[in-house]
Every structure is written in structure tokens, then in C-alpha cells.
Amino acid sequence: MMAAASSLKLQAQTPEPNYGSLHGNFQFDGYLYFKDDELDPDGSDYPDEQFLGQGFANLIYQRTQSWGEITAGLRYENYQNPILGYPPGFVGEGITYRFLQWKRDRLDITVGNFYEQFGSGLVHRTYEERLLGLDNAMDGIRLKYTPIDGLYFKGILGRQRVYFTKGPGVVRGIDAEVNLNELLDSWAEKKNRLNFGLSFTSKYQEANDPFYNLPENVGAGAARLGYGFKGLSLNTEWAMKINDPSADNGYIFKPGGGSITTVNYTAKGFGFSGAYKFIDNMSFRSDRNAGQFELFMNYLPPTTKFHTYALPSLYPYATQINGESGLQLEFSFQLPKESWLGGKRGGSLGLNYSDAHSIAKEPVDAETSIGQSGTDGYQTQWFKQGDIRYFQDINVSYARSLSKNFKATITYFNIEYNQGILGSATNSGGLNDTVILNDPSRADMAYINAVVFEGLWKIKPKHSLRFEVQGLFTEQDRGDIAMLLLEYSIAPNWFFAIQDIWNYGNADESRRLHYPLLSAGYNTGTTRFQLNMGRQQQGIFCVGGICRVVPASTSMGLTITSTF
Amino acid sequence: MDQNQRWALLVFGCLSFGLLQAQNPGDRLPQATVKTPEGKQVSTAEISNQGKPMVVSMWATWCKPCIRELSTIKDSYADWQAETGVKVVAISIDDARNSAKVGPFVQGEGWEYEVYIDENGDLKRLLNVNTIPHTFLLDGNGNIVWQHNGYASGDEDILYELIQKLSRGEAIEIH
Numbered sequence: 001m002m003a004a005a006s007s008l009k010l011q012a013q014t015p016e017p018n019y020g021s022l023h024g025n026f027q028f029d030g031y032l033y034f035k036d037d038e039l040d041p042d043g044s045d046y047p048d049e050q051f052l053g054q055g056f057a058n059l060i061y062q063r064t065q066s067w068g069e070i071t072a073g074l075r076y077e078n079y080q081n082p083i084l085g086y087p088p089g090f091v092g093e094g095i096t097y098r099f100l101q102w103k104r105d106r107l108d109i110t111v112g113n114f115y116e117q118f119g120s121g122l123v124h125r126t127y128e129e130r131l132l133g134l135d136n137a138m139d140g141i142r143l144k145y146t147p148i149d150g151l152y153f154k155g156i157l158g159r160q161r162v163y164f165t166k167g168p169g170v171v172r173g174i175d176a177e178v179n180l181n182e183l184l185d186s187w188a189e190k191k192n193r194l195n196f197g198l199s200f201t202s203k204y205q206e207a208n209d210p211f212y213n214l215p216e217n218v219g220a221g222a223a224r225l226g227y228g229f230k231g232l233s234l235n236t237e238w239a240m241k242i243n244d245p246s247a248d249n250g251y252i253f254k255p256g257g258g259s260i261t262t263v264n265y266t267a268k269g270f271g272f273s274g275a276y277k278f279i280d281n282m283s284f285r286s287d288r289n290a291g292q293f294e295l296f297m298n299y300l301p302p303t304t305k306f307h308t309y310a311l312p313s314l315y316p317y318a319t320q321i322n323g324e325s326g327l328q329l330e331f332s333f334q335l336p337k338e339s340w341l342g343g344k345r346g347g348s349l350g351l352n353y354s355d356a357h358s359i360a361k362e363p364v365d366a367e368t369s370i371g372q373s374g375t376d377g378y379q380t381q382w383f384k385q386g387d388i389r390y391f392q393d394i395n396v397s398y399a400r401s402l403s404k405n406f407k408a409t410i411t412y413f414n415i416e417y418n419q420g421i422l423g424s425a426t427n428s429g430g431l432n433d434t435v436i437l438n439d440p441s442r443a444d445m446a447y448i449n450a451v452v453f454e455g456l457w458k459i460k461p462k463h464s465l466r467f468e469v470q471g472l473f474t475e476q477d478r479g480d481i482a483m484l485l486l487e488y489s490i491a492p493n494w495f496f497a498i499q500d501i502w503n504y505g506n507a508d509e510s511r512r513l514h515y516p517l518l519s520a521g522y523n524t525g526t527t528r529f530q531l532n533m534g535r536q537q538q539g540i541f542c543v544g545g546i547c548r549v550v551p552a553s554t555s556m557g558l559t560i561t562s563t564f
Numbered sequence: 565m566d567q568n569q570r571w572a573l574l575v576f577g578c579l580s581f582g583l584l585q586a587q588n589p590g591d592r593l594p595q596a597t598v599k600t601p602e603g604k605q606v607s608t609a610e611i612s613n614q615g616k617p618m619v620v621s622m623w624a625t626w627c628k629p630c631i632r633e634l635s636t637i638k639d640s641y642a643d644w645q646a647e648t649g650v651k652v653v654a655i656s657i658d659d660a661r662n663s664a665k666v667g668p669f670v671q672g673e674g675w676e677y678e679v680y681i682d683e684n685g686d687l688k689r690l691l692n693v694n695t696i697p698h699t700f701l702l703d704g705n706g707n708i709v710w711q712h713n714g715y716a717s718g719d720e721d722i723l724y725e726l727i728q729k730l731s732r733g734e735a736i737e738i739h
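Residue numbers (my numbering), protein chains in the order written: chain H, 1 to 564; chain W, 565 to 739.
Derived by calculation from the structure, the hints in this document are not laboratory data. A couple of the hints might just be wrong.
[To be verified] Label pairs and their computed distance ranges (CB to CB):
| # | chain 1 | residue 1 | chain 2 | residue 2 | range |
| --- | --- | --- | --- | --- | --- |
| 1 | H | N432 | W | S607 | 22 to 30 Å |
| 2 | W | K628 | H | G231 | 25 to 33 Å |
| 3 | H | G471 | W | G704 | 43 to 51 Å |
| 4 | W | K628 | H | V549 | 21 to 29 Å |
Here a beta-carbon is modelled for each residue, glycine too, at the ideal position from N, C-alpha and C.
Work out the full structure, taking the sequences as your base and the hints as a guide.
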């Protein structure tokens, strides 16, 4: 360390000093909860602490030298105790992330914590979703080597973070990618674009199970290909995993497999994106007994549209890691100015269709039931869809300017949602396919229509009013819900918002509640203060096939974020 | 002294040295590798606007305020470019769920920005972007001279005033 510091000082004496760049950020969330007899009559969700608060800070230093560059960073986290809805495993405080990275001679070395992804992530991705409380960062060594442009190698070794400790499994992986247009001069200007890659990841976890001879080393490999020509592009990735009995798959010894293929087409003012996915027994964690959001080694992206409006997002979809067949088609059109749909100032139109189904499963033999622990579980064929619909979503969104100062967006949603599998406010979900195949009513399908109208009115320079009117209509789950949001902003510093969600259609009359929420924020550009006060609805957060229910609460909350 | 504390000391050693010179005007876009929507790897060191101001906006296809900001700028982008030569670089932090849709989305919105994807979040972490949209303004020498988190209607006017100042060669207050 001393040597490093003194060499930095030597550099500093050159005529144009280069001290590198230092960046950091900070966030604090604190909530004071109120007992609310209407929302939570038995008080089971009310925290003993009454006040819950958590925060973190990141610091990153980067400096470019004549020989390359060096980066160092760390993060401090503190949970006293985690706010409602956050994974309860995050209790305590400490430095949870620190690393040192340097790049020279086409070699990129990281020691400490890092996040990495191979291809689309089917066999390896570590990442963090801070809002959800997911962080499976690696702690170890990463090497990236680029012998020539267009040829990329990566290698990783380490263990993964789980809360304030590390998982028991050792994670190892290598990845190679070739980009022909960068590699070959003769391809540099070609209209055809081609790249391909190979990756392999494995884990080691000691096994001494009294009943099963569990594999201690589990490997997974993937191959990918990307091809493009003008506005057309195709990306496909195929993965296989050897047998990996785990809590997720009920300790079956069947190998896993999966593939994701996307096709895109773009032209001026038009975009199309299609995706098809088939996943069979692809849960991959560095601890075979892990649950919730813990220790995922891979990422199986949902091929559904991610909704952010409050009411449609009550019915989110998460990839079913044990098996799923999914399709998505999405179209975007730019509506030209002076056209029938676009009006005087133009607009945009979006169409989306997505669905997800079970995969077909057959018994291994006459004596074995589907999914029986200690067996091969079941048989399936690639791309053979099963009989259970998990999810379907059709939506249309239309946005245009109605006048110089008024923009409007209207979005319609039609969602079919399998509550038995995915869970909801009235169904805890989590059933397996066999239960539903034996009794289809257990799927407890919810059929949902929803409409959102959003308007943005620029009242005068720097003053604007944004509003959302939302309606969600269903006979199932918690019934019809309406919502109104008004948000007044004074750029660049202030905003004030008031909203009410009214569950007027709940079958249970005592649950026909209002959920009012007041918020105000002050933003200096890099520092933001926000105060919220009111009721939060019960919601669902999902990541990689796992959903977590966030309980309803009444609280006063303060959030401070700052970046430099 | 446990392992964590030793690490902390090492990193803080480097950082406190950097702090002596914090807020130096030579604060550039950190070096990371991002991808074009066509899949080509690009180093952020190669992203420049040849001596003219540049706006770097971190966004995602699912982020409504980001889309409002970039769509609003789109309406005036041709004028902005003609008057100041500014370039807008839109860097998406979409992950594998949506990264393949970034290209079609941008075309559907009719944006004529330079677009990259920071799929692994490397640049996002280096810039300490906590929430999006997060917009950076770089001067002609590639120094970050201003940044803003969040978007409210009217923020684009403030941004453009700063771009005009830069293009006239005036210094702006560093945040």
C-alpha cells in the first residue's frame, strides 16, 4: 500500500497533475410506522421497533496512468433494522463490498467483490437489485483478457455474498466471445454482423446427505450466437446443466436446460422485438439448500413486459425457474407529425403480447410420480409446452401531444394471472404443476382489465402538473381498484404529490379501503430529500422466479439520496 | 484487524489521497466497456463530441421519467444541435430482460441519440448512479461539469441554458 501511495505521489509532480476521479453516493431510508387497525386488525405486520431505518454509501476512485488504469471502491451498509418488505436477513452493519481493479496490457484484473455476466446470464450472472434486497456479488478474483480486438476472455473464481456472510459453494467460470466484425479487417465494414460465445460455470459444495449421493461439483455450459444484417438482428443462447438436486427442484437428479432466442427488426420509426424462451429445471445457486433471493448464480430473464404503473404492477410475472415456456412480441411505432394518429405534433404507439406456460412433463416410469425426490423427476422434450397457463399480458399504449403544453398517454392492459402459481393478495401461491394438473381450479386464475390515463400539463415554464387516473377491474383477488395521482413539479427543485388508491370492489367489505399517500421532495440535482406519509398497499416484488410479498403499512418515511 | 478492515484501510488510503483533489475539473467519464445495440463493445474513453458539449443520460426502457426526459429533448434536439453542436448519448442500464429491446425501442420513439447499453451496470456503478434518470453534462474537453438526478418537466430548459453557456466558452458552476 505504501508503495502504491508513493508512486501516486511521484506521478503527481508532473506538470499536469492527474489525481484521478472520485465518486460516491449515499442513501438513507427511514420509516416511522403507525398502528392501523383497519389495515392490519391483528397487528401482525406492525414492527416491534416502530421505527426502521437503513442506509448505504459507495465510494469509487479511478485513476488513469500512463500504463493503464486503476479503480478501487467500497460500500458500507447499515440496517437497523431492515424496513418492512426488505429481506429480514439484512440485519447489521459493515463493509459488504470492496474491490481493487487494474487494467494494463489488455489484461483486466479485479480482486475483491465484482458483478459479472456471461452472455444473457443463463449460466452466470451476479448482480444487485438494491430496491429488492438482492445482492449476490462475487468475492474473489476476476481476469479479463483481450489478446486482440474482437476476442474476449473472462475467468472468475470466488464465493457469493448472502446478507452479511458468504455462501458455502465455490463458484468458477470461464467465458469466451468472438466478434467477427472487430476481429477481422475484412469484416469491419460488412453489413453482416456476427458474434458468438461459449461459457462454462461450475460450483463446488460439500455433500454429506444421509439419503442421497448428491453431486459436489455441478457444471453448466452455454453457447450463444448473434447475427445482424442492417435493421435485423437475431440472438440465441442455449444452456445445459448437469444434475443439481436442490431445494428449488425438490431434490430431483434430472439435468437442466434452457434457451432464449430474440429477433429484432428496426427501421426508421419502427421497432419489433420477439423473444422465445424455454426453461427446464434451470435454478442454479451456489448453495443447493438456499431459498428466497439467495445465492443465484444465473439469471433467467422474464420474457414479459415490466409494468411500472402502480395498479398493473400488482400483477407482475417472474420466470418460473423450474420450467417455463414463454413468448413475447413487442411492436413500437413512431407516429409522424401531421398524421391521423399522430396529430399535429406526433406521438408513439406500442403493442405488446407476452405469455408464459408450464412445460410438458411425463413420468420417468410407471412407479415414479412426477417430481419425486431422489429420482430423475420427470421427462420432457425441448419446446414442448404444458397445459398450465401461468401468465398472459396484452397491452396497448398510445402517446401523443394534444397541444403544445399537454401530452397524454393512454394504456390498456389485459392480464391473465395464475394466482395458484404466482401468488397474490388473496392467494399465497407457490403451488407446483402437479397440484394444478390434478385440480385445475387450484390455478385460481385472475382475469384483469386495466386502463391508465396519464397526462402531463406544462402550466408555465418550469411548472408542470402530471396526473394518472388508473382503473383495474377484476372479479378475482381483491376486486376492482381505482387510483388518482396528482404530481406538481417546480423544476429543478421541488415536487409535491398526492394520491389515493381505493379498493372499492373488494369482495370483503371490511377491505374496501382507501390508501392515501402524500409526498414531497426537494432535489438539488445531486441530492434529493423525499418525505412520504400515508398507506402503502400490499405488493409483490419478484426477481428470477422468486416473489416476495411486501405487507401493507401506514407510515411516515424519509429518503435521502446523494451522489457526487 | 479482520480482513474487511484491512481492505477498508487500503481503499480509504487511495480515496483520501483522491479527496485532496476532489472536485478537480479534470473529472472525466470513468472508463468502462459498454455495448452498442448491435452488440459491439465500446470503451467509454472513445465516446466524445470533438470539442463540443455532450450530454450523457443514464436511462432504461422501463423508466417512465427517463423516457419523458429523452422524448422532450427529442422535440428540440435538431435546434440544440444546430445552435451548440451538442450531442446526447443515451446509455441504457437495461439488463438481459430488456437489453435486446433497446434498439427497437429507440427506433419506435424516433430518438436520434447515440445509444449504448451498460448491461452489467459497470458504468452505472463507476458513476455511482443510484436512481435513474441521471444526466451528466460534459464540456468540450470531456470533463463532467454538471449532473442531475431525476426529471421534472422544465429541467430540459435548465440543461439547455448550461449547454449554451458551455458552447459560448463560459464556465459553469460545478456541482
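Compare the structure with the hints numbered earlier in the document and write down the numbers of the violated ones, lowest to highest. 1
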